[in-house]
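If you read the sequences in order, they're chains R and Y. Sequential numbering from 1 applies to the first sequence in our numbering. Sequential numbering from 526 applies to the second sequence in our numbering.
Hints in this document: simulated from the structure, not taken from any laboratory. Just to be clear, a hint being listed does not mean it is correct.
Claimed, not checked - Cβ-Cβ distance ranges computed for the label pairs, FRET-style:
#1 Y:Ser884 <-> R:Glu130: 23 to 29 angstroms
#2 R:Pro2 <-> Y:Ala930: 43 to 49 angstroms
#3 Y:Ala835 <-> R:Gly216: 54 to 60 angstroms
#4 Y:Tyr1045 <-> R:Leu96: 50 to 56 angstroms
#5 Y:Ser958 <-> R:Leu96: 48 to 54 angstroms
#6 Y:Gly746 <-> R:Leu429: 20 to 26 angstroms
#7 Y:Arg911 <-> R:Gly203: 39 to 45 angstroms
#8 Y:Gln837 <-> R:Asp218: 50 to 56 angstroms
All C-beta atoms in this analysis are idealised placements derived from N, C-alpha and C, irrespective of residue type, glycine included.
Each chain is listed here by its residues.
Number of protein chains: 2
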Amino acid sequence: MPLTGKNYIQGETSALGAETFYSVDPRSNTAGDIAFTSATEAEVALAVAGACAAFQQMRHYAPSRIADLLEEIATQIEALGDALLHTADSETGLGLPRLTGERARATGQFRAFAALLRDGAYLRAIINTEAPGQPSLRQMQFPLGPVAVFAASNFPFAFSVAGGDTASALAAGCPVVVKAHPGHPATSELFAQALGKAVAAQGFPAGAFSLLQGKGIDVGGWLVAQDGIEAVGFTGSLRGGRALYDAAARRPRPIPVYAEMGSVNPVVITQAALAERGQDIAAGLVASVTMGSGQFCTNPGLILLEDSAASQDFIAAVTEKMGAAAAGVLLNEAIARGLHAAVRQTAAHEDISLLTGGSEVPDSAAFRFSNTVMQTTAAAIRADDRLQTEHFGPVTLFVLCDDAADLRAAVAALEGNLTATLHAEAAELETISDLLHQLREKAGRVIWNGFPTGVAVVAAMQHGGPYPATTAPATTSVGSNAIYRFLRPIAFQNVPDALLPAALQDANPLGITRQVDGQYRAGAV
Amino acid sequence: MPLTGKNYIQGETSALGAETFYSVDPRSNTAGDIAFTSATEAEVALAVAGACAAFQQMRHYAPSRIADLLEEIATQIEALGDALLHTADSETGLGLPRLTGERARATGQFRAFAALLRDGAYLRAIINTEAPGQPSLRQMQFPLGPVAVFAASNFPFAFSVAGGDTASALAAGCPVVVKAHPGHPATSELFAQALGKAVAAQGFPAGAFSLLQGKGIDVGGWLVAQDGIEAVGFTGSLRGGRALYDAAARRPRPIPVYAEMGSVNPVVITQAALAERGQDIAAGLVASVTMGSGQFCTNPGLILLEDSAASQDFIAAVTEKMGAAAAGVLLNEAIARGLHAAVRQTAAHEDISLLTGGSEVPDSAAFRFSNTVMQTTAAAIRADDRLQTEHFGPVTLFVLCDDAADLRAAVAALEGNLTATLHAEAAELETISDLLHQLREKAGRVIWNGFPTGVAVVAAMQHGGPYPATTAPATTSVGSNAIYRFLRPIAFQNVPDALLPAALQDANPLGITRQVDGQYRAGAV
């Protein structure tokens, strides 16, 4: 299907608005030739009304029926073929190898959630059978209702229109209204076509999925204010996520906002690790900081180590490698400008030394920023929270600590993060344990002798963390538990078997694992 | 120990403030002779600092050690003996039989959480073993940190200083700072003594529990604003809960507020049920509405039924029984005044008929309000949300619907509730299913042929619901899942076995049920 530049609302294209915008190729700073039309407030309302109507149907659907839809979506995404890869590449500059891998991840997420639904244990069915003085009580998880998803720019497949938020919300049984990221509107429309086809092919109500284009922040504001929206998924900046959180909290009827926002992802390296693997760690660190031009929410942006000759050699080695590495293409002009402003502000701080980089790459039509290394002290980090600001690009900041106590004090002063990493040696296990568990308090995921970029899509993944990493530290936006953001438990008291959902009936017709009077088991009651 | 009228902060009594207040016996409207001193902002800060310090110790504690504390607390509450019952009775007028039962419920909650901790499955340990291209990832639940608990007035044992919020937060491993309810300060101090003894006896840091007295809203405001507080548990009015929610959302670092607030707990009765069991339902309904003088968050305050001669007879019978039943004592002057104002406003609505009651009981020193029945139409409920206002007392509102469609439309217009109840007959199962599941969307718990008062403390209980019933519909404040309000998952990537918490180690030394590569099992990896 050709691209239209229009919104996709309840299975129809729509472009009632006057504001238009264009794709921009970040390698050449040239605009595409399709005008995309920002949605109007009336179109936003129409999409949400469609989602509400769809939910009245979908709330009757069995998990297996929703699983069929998720698998169909994966198939339809694959059917977009190479056009999807080339379109996304021209809008993001991320390159075909990366995008090919990311597409597999996106389709894999839909199939993984389908498998989760067919397994059924995710429903957390809990049964307390009737006992003297106690009624029969049975609970399981049910969908919240229509969900608003705000697409991210840095993962045009895995965290965008057909990304993890959409996959997990649909898996929960919730209709989805996506606010597309203006950085890749053509890619977004291709996904809307695939999702629309899947919805139609599986006989779901057309309002189960809608896509809203929007250049600025108006569309998102209208969307969150709609009474029919029951929850929000967001991946992006601290500023954007907090604005949505505040808007949702101010509603007459507040709703949860699951915003995955900024993170500097601290890495602590012990002297023993430096002595044993200093060169390997330097190479791994540079690869992690520059991966995807540094545009990962798990980018290691703060490296803490005790001051020593070895540490100074290590910093020099990383600085040299960073300076020598080619500057990658940034996603769009807004990110390039934001990165420049943030680095300029940090570099101007009196306690910061700029070791390499710190500027846009001259004589380049592409949006590029030089690979940047800065250095400060633990005392400075403790004194000024602004030094924990995320720099969204190929930038890292070394924090030299006077001694082990100074390092521990710096860790104590860290804000919330998605990840925290510790590089240490086996001989240090006894002395390092408390530091590792201190880091644990600051993050959603603790990594041993590795790097935080690379987020496995598995049940044990936790992609979340204390504020400002997210607005909801008890939830994850990656892995199967992401579905619980869009579910709530409902209990049934003394309800006849014939009226219970299949998952709670005595005979256990779905054959799922349930907690029955305290025991996990799969059989009948 | 004699009562002091002081706050309990980190194991010491403290009364730095100038504001004092007294217990009031609601049966006689006479004040007690102990002056209770509201906490100052400095005392609030001290309590939170103590909680933060305590958490640095407690985050190392194994679940079994916390279970020891919970069991000790139950023992110490029992050791308060009859003095607790008589003190609470004189402050609440709830009567010794009810309070004796409620004490068993409160101690039972602590012991149930202790059992949950010893079982260990609540940790939701998830293990993904290393695989090609995938690291070892293991996650479990960890405590959030210091929790602020706001005590309720209507359950001085089960939802107050040593109620479900405190029990579940401590069970999670979180230190607790309680803002006592000014309606029963002496009872609150007795519990603080018991908790303090338990904390000391089990060698926990003194900051693990503090109690703050406070007459007005200042203490609570100071408490929620403290940066060290990580979550809030609240049971009370919509106005109070929303104020706390808003204050927490405005913090530089927002935190979750688990507020259990207002609910009218709709009850739908079919014509077949009326024909078959009309008299029994009328008797049960009157007992449920007047139980505890109607001061239950699950009080059935909205009764929907189709208009018919049978319905009118039913309403007449309920009205007669309500008018004939003795008016119970209300908890305190604030509740008596608030109830009077709310009923007066509702009764003055042009679409409301007052059938009985509607006024304070004259010539009574006690705080009493007459048992009240009002009537309106489905059209009126749909037209004006104010008719869904909770009346916290022995009050219920009948909603006459023109026909089945009108009833369904009224149900569609309902706001969120803790519970929804359906009285119907076995012969109606096929036709009633959709109505039951429509009610499900409006509540946290659906009751068949029963009454919503009475909340069993079991795993399958869901005591929560969509706003305005709560600010967090995915959570419960009763039952074992209440612990998840105060936990968050943390994942460990490639962390050596020796550094992992015992619950995640290969050998499974705790012998707990874990999800290992998709399977629930108790053995080693």
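Unsatisfied constraints (hint numbers, rising):
The structure breaks hints 1, 4, 6; every other hint is satisfied.
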